[in-house]
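J.: This is what each chain is made of:
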Amino acid sequence: MDLFSGLIHGFSVALTPMNLLFGFLGAVIGTIIGILPGLGPLGTMALLLSLTYGFDPTAGMILFAGIYFGAMYGGSTTSILLNIPGEAASVVTCIEGYQMARRGRAGAALAVAAIGSFVAGTISLIGLSFLAPTLANAALKFGPAEYFTVALVGLVIMSRLTGGNLLRSLMMIALGLALGTVGMETVAGYMRYTFGQPLLAQGIDFLPVAMGLFGISEVLVTAEEPAGNMQLQKVRFRELWPTLVEWKRSFWPIIRGSFIGFFVGLVPGPSPVISTMVSYSVESKLDKSGEFGKGAIEGVAGPEAANNAAVGAAYVPLMALGIPFTPAMAVVMAVLLIHGINPGPLLMTEKPDLFWGVIASMYIGNFMLLVFNLPLVGVFASIIRTPLYLLMPIVLLLCLVGVYSVNNSMLDIWLMTGFGLLGYLLRRLKYDLAPLVLALVLGPMMERSFREAMMISRGDLSIFLNRPISGTILLVGAIVLAAPLLISWIKPLISRKG
Amino acid sequence: MKIGSVVFAGLILAVGLVYEIMALNMPRGRLSYPGPGLFPMIIGIFLIVMALGCLLQEILPRKRTGDGPPALPLPNPNSAAPGDRNVKKTFQLMALMIGYTLALKTLGFLISICAFLVVAIRIFGYRRWVPALAMAAVIAGISYVSFVLWLKVPLPLGILEEVLG
Numbered sequence: 011m012d013l014f015s016g017l018i019h020g021f022s023v024a025l026t027p028m029n030l031l032f033g034f035l036g037a038v039i040g041t042i043i044g045i046l047p048g049l050g051p052l053g054t055m056a057l058l059l060s061l062t063y064g065f066d067p068t069a070g071m072i073l074f075a076g077i078y079f080g081a082m083y084g085g086s087t088t089s090i091l092l093n094i095p096g097e098a099a100s101v102v103t104c105i106e107g108y109q110m111a112r113r114g115r116a117g118a119a120l121a122v123a124a125i126g127s128f129v130a131g132t133i134s135l136i137g138l139s140f141l142a143p144t145l146a147n148a149a150l151k152f153g154p155a156e157y158f159t160v161a162l163v164g165l166v167i168m169s170r171l172t173g174g175n176l177l178r179s180l181m182m183i184a185l186g187l188a189l190g191t192v193g194m195e196t197v198a199g200y201m202r203y204t205f206g207q208p209l210l211a212q213g214i215d216f217l218p219v220a221m222g223l224f225g226i227s228e229v230l231v232t233a234e235e236p237a238g239n240m241q242l243q244k245v246r247f248r249e250l251w252p253t254l255v256e257w258k259r260s261f262w263p264i265i266r267g268s269f270i271g272f273f274v275g276l277v278p279g280p281s282p283v284i285s286t287m288v289s290y291s292v293e294s295k296l297d298k299s300g301e302f303g304k305g306a307i308e309g310v311a312g313p314e315a316a317n318n319a320a321v322g323a324a325y326v327p328l329m330a331l332g333i334p335f336t337p338a339m340a341v342v343m344a345v346l347l348i349h350g351i352n353p354g355p356l357l358m359t360e361k362p363d364l365f366w367g368v369i370a371s372m373y374i375g376n377f378m379l380l381v382f383n384l385p386l387v388g389v390f391a392s393i394i395r396t397p398l399y400l401l402m403p404i405v406l407l408l409c410l411v412g413v414y415s416v417n418n419s420m421l422d423i424w425l426m427t428g429f430g431l432l433g434y435l436l437r438r439l440k441y442d443l444a445p446l447v448l449a450l451v452l453g454p455m456m457e458r459s460f461r462e463a464m465m466i467s468r469g470d471l472s473i474f475l476n477r478p479i480s481g482t483i484l485l486v487g488a489i490v491l492a493a494p495l496l497i498s499w500i501k502p503l504i505s506r507k508g
Numbered sequence: 005m006k007i008g009s010v011v012f013a014g015l016i017l018a019v020g021l022v023y024e025i026m027a028l029n030m031p032r033g034r035l036s037y038p039g040p041g042l043f044p045m046i047i048g049i050f051l052i053v054m055a056l057g058c059l060l061q062e063i064l065p066r067k068r069t070g071d072g073p074p075a076l077p078l079p080n081p082n083s084a085a086p087g088d089r090n091v092k093k094t095f096q097l098m099a100l101m102i103g104y105t106l107a108l109k110t111l112g113f114l115i116s117i118c119a120f121l122v123v124a125i126r127i128f129g130y131r132r133w134v135p136a137l138a139m140a141a142v143i144a145g146i147s148y149v150s151f152v153l154w155l156k157v158p159l160p161l162g163i164l165e166e167v168l169g
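First to last, the sequence lines map onto chains Z and R.
With the working numbering, letter number 53 in the first sequence gets 63, and the count goes up by one each step, no holes.
With the working numbering, letter number 106 in the second sequence gets 110, and the count goes up by one each step, no holes.
All the pointers check out, no bait thrown in.
The calculated BS3-like cross-link candidates involving lysine-lysine, where the alpha carbons are at most 30 Å apart (straight line), are: (1) Z:K295 <-> Z:K440; (2) R:K6 <-> R:K92; (3) Z:K361 <-> R:K156; (4) R:K93 <-> R:K6; (5) Z:K295 <-> Z:K258; (6) Z:K440 <-> Z:K501; (7) R:K92 <-> R:K109; (8) Z:K440 <-> R:K93; (9) R:K6 <-> Z:K440; (10) R:K92 <-> Z:K440; (11) R:K93 <-> R:K109; (12) Z:K151 <-> Z:K361.
It is worth saying that the hints were derived from the structure and are not from the lab.
Here the structure is a predicted model, which is why all the values come from computation and not from measurement.
Starting from the given sequences, assemble the full structure and let the hints guide the process.
T.: Next up, the structure:
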């Protein structure tokens, strides 16, 4: 199936009433959780993961795509109106967006954020439509050595890009990989780290870990914060239209943000967050007006476009290779895994309904988000008034019931509670959770690929270097890891010469 | 030096050592035919080295402030100063979740979740008992109908098994 017939087939799947409903539901839920501080798209998807067990996998994927895109739209609303980022990818928008709101240009900021998100979302979906099938076809040539190196280098790159401390990120990766080895080993059926508990033979399931680390810990952190006093600004519909000058100033930042977001989105790590920072830095460096920090519309247009583009791009490695590069994509992959579907290069040919249906639904969802986000911005913003004493216990309830419902296992509740506490501690100690989760997901695949590669090469480790694709990927990983060290050595030498 | 970070890195180091000892007791096979212990052995060494690195990094005086990208002037109104945090609530919520899990089999979902919600609503700052009880009962009822009756999640019914079952 070529690209255009694939997309036409995808639209025929996405436009069925049930899939449209799931797309709409995802967009609404995503916008709401994007607005509400304390519950991000990742936590919500982890929360709803158990419910997708009862749905068709295509519907589950469409729901999650809507949530992920919707959260990016919703997050900007409270950033602009209240200076409260609904989720991490909207933190940067606060800087210029709130200043614009204080100058009475909240409507223009919201409109530019929504339209920029739509344009960037569409550009990234076009990129996804072209790139995912091409990459999937190329990935058919991948063997175990290539899969191992892609996962390994992906983890290495992520540890460098999460912005935190490298050693800490690598320790989290090691911990995640170690957790991934718990349970019955697949080749010889050997029990590892189960401590005689038969329930652990299946291994540590991703669901209680994700719900604990992202759902429970989020509630625990929110519980500790003192309640704020929020002054919500009113925005009238007629104020939503930016002036001609504002349009002109936003055009190129949106285009630049779209491409920055798409390319950052292809890189492992929390790409929507990183893309907003990169876009903001680029726009502030290009600024000639001196308005940055005082409400420059470019500082809203660029980052808001970038985070949406990064979401579309994050689907590329998952749909083409079956390898999630972000924690959110790991949750999306879990939707497929609980239905017994292994994502990878064969997904496009074996499950065309799902592959193309999900991509097509993203185009529709992106359009839906633009249509209902702008006129209903006031309604959505008022959601932030939901009292925490009602919202947080409901989130906990959904976690407790959701985690039990998949395997009907009390062990999963205990695991979720334990990982909730671990997630809370890690957040408080400023550790990044993403490397731990991704390493847990990628660990079993890495071990399988490593063992297969070793058997193929009869124990020759040079297989990872000798195969062209695998060797190139390893070289890229080595450069990424060594580049900051080299730069820190070279910089003083250059400055001394100068 | 942050004592919390030192303790955590030390704890992970201890976990790494136990993990590695257990890995060394597993059959490792040969490199050409790896056994179940080979990969955990490599991961164990990696975990120990990284935990040791983190521990030393926390203990030894730092030359630099950090190795991440330069920080943007980001507002973070969600994060209170450490002194303003109410850590007691975290312990209360953790105890509540453990209590719920322990009571689930015996008392059943409906009673356990109702009690859980009342206490959780109060932990999150709502102080009046009667409205809290009413809210908890309504949410528990809706969740029972949605999950047990509609979605057929086999949540334990406990002492209400004969009445509801």
